[in-house]
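Enquirer: Single-letter residue listing:
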Amino acid sequence: MKQIFKLSVGFLMIAMAFTSCNNSKSSKSNSALNSNAAEKVYVAPGEYDEFYAFISGGFSGQLSVYGLPSGRLFKVIPVFSQDPEKAYGYNEETKPMLNTSHGFIPWDDSHHPDISQTGGKLDGRYVYINANNTPRIAKIDLTTFETTEIIEIPNSAGNHSSSFVTENTEYVVAGTRFSVPIPQRDMPIKDYKGNFKGSLSFLKVNPENGEMSIKFQLLMPGFDYDLSHPGRGKSHGWFFFTTYNTEEANSLLEVNASQNDKDFIAAINWKKIEEYVNNGGGTKIPSEYAHNLYSDENHTATSTMMHEVLQVKPSDVPGAIFLLPTPKSPHGCDVDPTGEYIVGNGKLSANLTVHSFTKMLNAIENKKFAGEAYGIPILKFEDVLAGVVEQPGLGPLHTEFDGKGNAYTSFFISSEVVKWKLGTWEVLDRKPTFYSIGHLMIPGGNSANPFGKYLLAMNKITKDRYLPTGPEVTQSAQLFDISGDKMELLLDFPTIGEPHYAAGIPANLITANSKKLYKLEDNKHPYAAKSDADTKVTRNGNEVHIQMTMIRSHFSPDNIEGVKVGDKVYFHVTNLEQDYDVPHGIAMIGANTSELLIMPGQTETFVWEPKQVGVWPFYCTDFCSALHQEMQGYVRVSPSSSDIKLSWSLGDDF
Amino acid sequence: MKTKLNILFSILLVACFFNCKNNKNTQTEEHSTTVTNQTAEKQGQAFIKDDGSKPNVLQIAMDSKDHTTLVAAVQAAGLENALVNAGPLMVFAPTNEAFAALPEGTVANLLKPENKAKLALILKHHVTPGNYSKEFLKKFKHLGQASNENVTVEVKGDDVYVGGAKIIASISAGNGIVHVVDKVIIPKN
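The listed protein sequences derive, respectively, from chains G and R. Heads up: the first sequence is residues 1 to 654, going by my numbering. Heads up: the second sequence is residues 1 to 189, going by my numbering.
Simulated from the structure, these hints should not be mistaken for laboratory data. Treat each hint with caution, since some may be false.
[To be verified] No more than 30 Å apart at the CA atoms, straight line, and that leaves these computed lysine-lysine pairs for BS3-like: (1) Lys190/G with Lys139/R; (2) Lys188/R with Lys54/R; (3) Lys54/R with Lys463/G; (4) Lys166/R with Lys190/G; (5) Lys421/G with Lys134/R; (6) Lys116/R with Lys183/R; (7) Lys486/G with Lys118/R; (8) Lys138/R with Lys190/G; (9) Lys116/R with Lys486/G; (10) Lys188/R with Lys421/G; (11) Lys262/G with Lys141/R; (12) Lys463/G with Lys65/R; (13) Lys486/G with Lys112/R; (14) Lys183/R with Lys262/G; (15) Lys193/G with Lys138/R; (16) Lys188/R with Lys138/R; (17) Lys112/R with Lys262/G; (18) Lys141/R with Lys380/G; (19) Lys54/R with Lys262/G; (20) Lys118/R with Lys421/G; (21) Lys166/R with Lys141/R; (22) Lys193/G with Lys139/R; (23) Lys262/G with Lys188/R; (24) Lys141/R with Lys193/G; (25) Lys134/R with Lys190/G; (26) Lys262/G with Lys139/R; (27) Lys65/R with Lys262/G; (28) Lys116/R with Lys156/R; (29) Lys188/R with Lys193/G.
Turn these sequences into a full structure, and let the hints steer you where they fit.
Expert: Structure (structure tokens):
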């Protein structure tokens with residue numbers, strides 16, 4: 001290895017001389033601009049950030065909450081993966097959140113957060129995010145910053161073109177990546193073509209509480225569906241999905257799905273299909289899926305198995321679905337704030353293709369079709385094309401908008417963000433990212449009203465950017481100031497998991513609604529103990545239920561006897577505090593689960609199955625008070641044959 | 001502090017060549033210009049010092065005495081960073097001889113700063129997002145190049161021709177593969 005480097009020194013010398021000059025020039029312009037970068041990201045101690053950024057955790061399955069411009073991490077919200085820190089998916093209350101038709105699934109791959117909207121503007125009520133692996137959509141309530149709903153998407157696989165909301169949050173949309181047999185059945189893989197289908201699910205949102213229900217599932221041809229975005233303004237009522245593998249290959253997609261020069265953007269008039277469905281259209285098909293809801297009233301989730309979905313075939317609703325030819329396996333499908341332009345980011349294309357909604361409507365009206373695919377009309381590329389951004393970079397993935405007529409596209413292969421102008425298609429600026437950017441985010445980017453001050457680039461690779469941490473190094477987010485003509489790199493910071501996508505919002509749309517605690521009087525948990533008088537220990541066969549309270553700085557009860565080896569002991573613990581930011585934790589030696597971390601006014605439950613005789617301690621795991629180390633207790637465990645009666649106490653020996 | 005260093009940097013840049021020298025030799029000038037050098041070096045993955053990884057496609061080209069023209073062209077077109085990315089990248093690397101076979105003056109002309117975009121397009125025409133062995137390439141009829149144009153793939157006996165250029169050697173890289181070819185592949189446009 002070293003030899004090779006020595007041999008190449010000559011060339012490297014020339015190379016470095018050449019390239020460092022080039023690069024020095026670009027850093028010169030950087031440095032002239034970013035002389036006050038530190039000032040621009042400095043949020044003084046005790047001050048607040050201007051924006052929240054909800055950044056997906058990718059293979060962590062979670063959603064992280066950062067502040068912009070500081071890049072400070074505030075919270076990691078557990079969504080699709082168990083989180084022992086918060087007992088999510090470990091305590092009895094939240095286990096049902098991870099229930100699916102495949103049983104309990106402790107992990108997933110979270111991808112594309114999107115914030116709810118009213119009238120095309122972010123309303124700051126909910127974040128929706130998709131699980132890619134075992135298809136699900138979650139709702140995070142932005143008063144509690146907790147996951148309060150997860151709905152499974154049946155007949156879907158690799159739930160990737162999700163979870164984007166329409167401009168009044170009428171729908172959250174979940175599109176499949178893989179096409180699969182629908183309904184699932186035992187069949188040869190090679191018979192994919194013509195037999196597998198791609199389902200696009202439209203989840204109706206209840207405007208009162210944000211809850212989702214699958215209104216209908218559209219059964220599309222057996223392509224892969226990559227990303228999607230809603231129309232807005234003039235194109236409100238339509239939804240656009242990028243497709244690839246229109247070849248319908250079932251093996252070696254990197255070759256076989258790259259044969260067609262053009263794939264499609266599927267344009268779907270969901271209002272038309274909704275009308276069809278509201279008039280009794282569609283077919284109810286047996287499909288098992290879980291719908292899990294968490295209630296802040298009883299602090300408990302319930303999982304309900306659903307048994308059918310309403311499916312619609314494109315041929316059922318003529319004139320509702322059209323295919324727009326788009327070069328080379330487009331990834332991002334992005335609609336500008338006016339709703340006129342639909343950008344297809346052909347990831348194997350060197351150009352960016354932009355379609356015009358107006359031209360699309362004209363072409364549809366004039367019935368100018370180039371052909372059809374499985375009965376769906378294909379429009380002519382030239383008829384719908386608004387313009388092409390020529391050779392802006394290599395490997396375009398995703399575009400967002402600043403609301404001032406500019407678009408910003410991420411380029412994976414050339415590792416840069418390119419700013420270009422809508423309408424003239426000219427490239428205005430480019431900045432390198434470190435390294436290999438995937439998606440990017442401008443707060444309000446998926447809305448009619450972007451806040452074009454910052455752009456967040458999310459990078460897959462960091463290599464030498466931070467102190468090394470062995471073979472696995474963090475991925476990163478990079479913050480640019482985009483308020484001027486030229487983008488200016490301000491900051492980069494590490495992220496959790498893989499930051500696939502993010503949603504940003506001005507903090508003032510959220511902060512006033514953020515809950516400080518749960519009112520104890522409203523706690524409807526069936527095992528809540530709202531005062532010391534309510535505490536008790538009861539036995540039902542080998543099940544023991546401990547109803548316990550916690551307050552600075554003791555548990556009540558803290559001495560329990562009469563538990564036996566072989567018992568299943570439920571600790572139902574209520575935090576009696578009614579003071580902001582005083583959680584308590586509890587952990588029991590040898591319990592095969594996580595701690596509990598209980599917010600004021602909340603009740604949570606863990607299960608302990610003692611296997612050994614003895615006197616076993618438990619303690620508070622969150623440094624809660626000056627007497628935190630005193631906050632502890634004992635459970636006496638007797639042999640299974642013992643006849644010691646249940647007893648419990650607090651302070652009896654005092 | 002940073003502001004000061006940036007100003008210092010700008011001044012240093014006036015003497016660009018001097019700065020370039022520093023880049024080659026970060027060890028000797030460390031005290032006052034470390035930050036400067038780091039900033040310049042950190043302009044892309046092409047400049048990461050990494051002797052632990054398998055060489056990437058750019059390093060392979062740089063290591064080859066038969067590809068000095070190609071390397072010079074890549075640098076003149078400013079494409080280094082595109083070649084060190086995660087890719088995967090398949091580079092069809094014409095030899096010096098292949099470049100020499102072009103009409104006289106072609107290469108010199110392309111290396112002129114005003115022809116940078118043209119040169120970049122020609123070079124991108126030699127790059128495919130992918131990583132396929134010569135054997136595996138026989139499955140293809142064409143490849144989509146980074147130039148946004150396709151090239152044909154033809155099999156003649158044991159040989160594979162890409163855009164009319166014959167693959168004469170193949171070297172696997174950390175981020176893809178380099179196929180050495182005997183001709184420069186010229187895009188249609």
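Enquirer: Take the hints in turn and mark each one as holding or not.
Expert: Structure-based check of all given hints:
1. The hinted pair formed by lysine 190/G and lysine 139/R meets the criterion: a straight-line CA distance of about 18 Å does not exceed 30 Å.
2. Annotation: proposed proximity of lysine 188/R to lysine 54/R is violated, straight-line Cα distance about 34 Å (limit 30 Å).
3. Taking the CA atoms of lysine 54/R and lysine 463/G, the gap is about 14 Å. The hint holds against a cut of 30 Å.
4. At roughly 34 Å between alpha-carbon atoms, lysine 166/R and lysine 190/G are farther apart than 30 Å, so this suggested pair is violated.
5. Restraint check for lysine 421/G and lysine 134/R: the C-alpha separation of about 41 Å exceeds 30 Å, so the hint is violated.
6. Annotation: proposed proximity of lysine 116/R to lysine 183/R holds, straight-line Cα distance about 21 Å (limit 30 Å).
7. Restraint check: the Cα-Cα separation between lysine 486/G and lysine 118/R comes to about 25 Å, which is no more than 30 Å; the hinted pair holds.
8. Distance check on the hinted pair: lysine 138/R and lysine 190/G sit about 22 Å apart at the alpha-carbon level, within 30 Å; holds.
9. Simply put, lysine 116/R and lysine 486/G have alpha-carbon atoms about 22 Å apart, close enough for the 30 Å limit, and the pair holds.
10. At roughly 28 Å between alpha-carbon atoms, lysine 188/R and lysine 421/G fall within 30 Å of each other, so this suggested pair holds.
11. This hinted pair checks out: lysine 262/G and lysine 141/R have alpha carbons roughly 16 Å apart, not beyond 30 Å.
12. Our distance criterion of 30 Å between C-alpha atoms is met by lysine 463/G and lysine 65/R, whose separation comes to about 28 Å.
13. Note on lysine 486/G and lysine 112/R: the hinted pairing holds, with a Cα-Cα distance of about 27 Å set against a maximum of 30 Å.
14. For the proposed pair lysine 183/R and lysine 262/G, the alpha carbon gap of about 29 Å is at most 30 Å, so the pair holds.
15. Restraint check for lysine 193/G and lysine 138/R: satisfied, since their Cα atoms lie roughly 24 Å apart, inside the 30 Å limit.
16. For the hint pairing lysine 188/R with lysine 138/R, the CA-to-CA distance comes to about 23 Å; that is within 30 Å, so the pair holds.
17. Distance hint between lysine 112/R and lysine 262/G is unfulfilled; the C-alpha atoms sit about 35 Å from each other, more than 30 Å.
18. The straight-line distance between the Cα atoms of lysine 141/R and lysine 380/G is roughly 26 Å, inside the 30 Å bound, and the hint therefore holds.
19. Between lysine 54/R and lysine 262/G, the direct Cα distance comes to roughly 35 Å. Violation of the 30 Å bound is thereby established for this hinted pair.
20. For the proposed pair lysine 118/R and lysine 421/G, the alpha carbon gap of about 23 Å is at most 30 Å, so the pair holds.
21. Between lysine 166/R and lysine 141/R, the direct Cα distance comes to roughly 15 Å. Compliance with the 30 Å bound is thereby established for this hinted pair.
22. Of the pairs offered as hints, the one joining lysine 193/G and lysine 139/R holds, with about 20 Å between alpha carbons and a cut-off of 30 Å not exceeded.
23. With a C-alpha separation of about 19 Å, the suggested pairing of lysine 262/G with lysine 188/R holds against the 30 Å cut-off.
24. Between the alpha carbons of lysine 141/R and lysine 193/G the distance comes to roughly 21 Å, so the proposed pair stays at or under 30 Å and holds.
25. For a cut-off of 30 Å, the pair hint linking lysine 134/R to lysine 190/G stands: about 26 Å separates their Cα positions.
26. Restraint check for lysine 262/G and lysine 139/R: satisfied, since their Cα atoms lie roughly 20 Å apart, inside the 30 Å limit.
27. Distance check on the hinted pair: lysine 65/R and lysine 262/G sit about 40 Å apart at the alpha-carbon level, beyond 30 Å; violated.
28. Using a Cα cut-off of 30 Å, the hinted pair lysine 116/R and lysine 156/R is violated, with the two alpha carbons roughly 35 Å apart.
29. With a C-alpha separation of about 34 Å, the suggested pair lysine 188/R and lysine 193/G falls outside the 30 Å cut-off, and the hint is violated.
In the structure shown, a violation is registered for the earlier hints numbered 2, 4, 5, 17, 19, 27, 28, 29, in ascending order.
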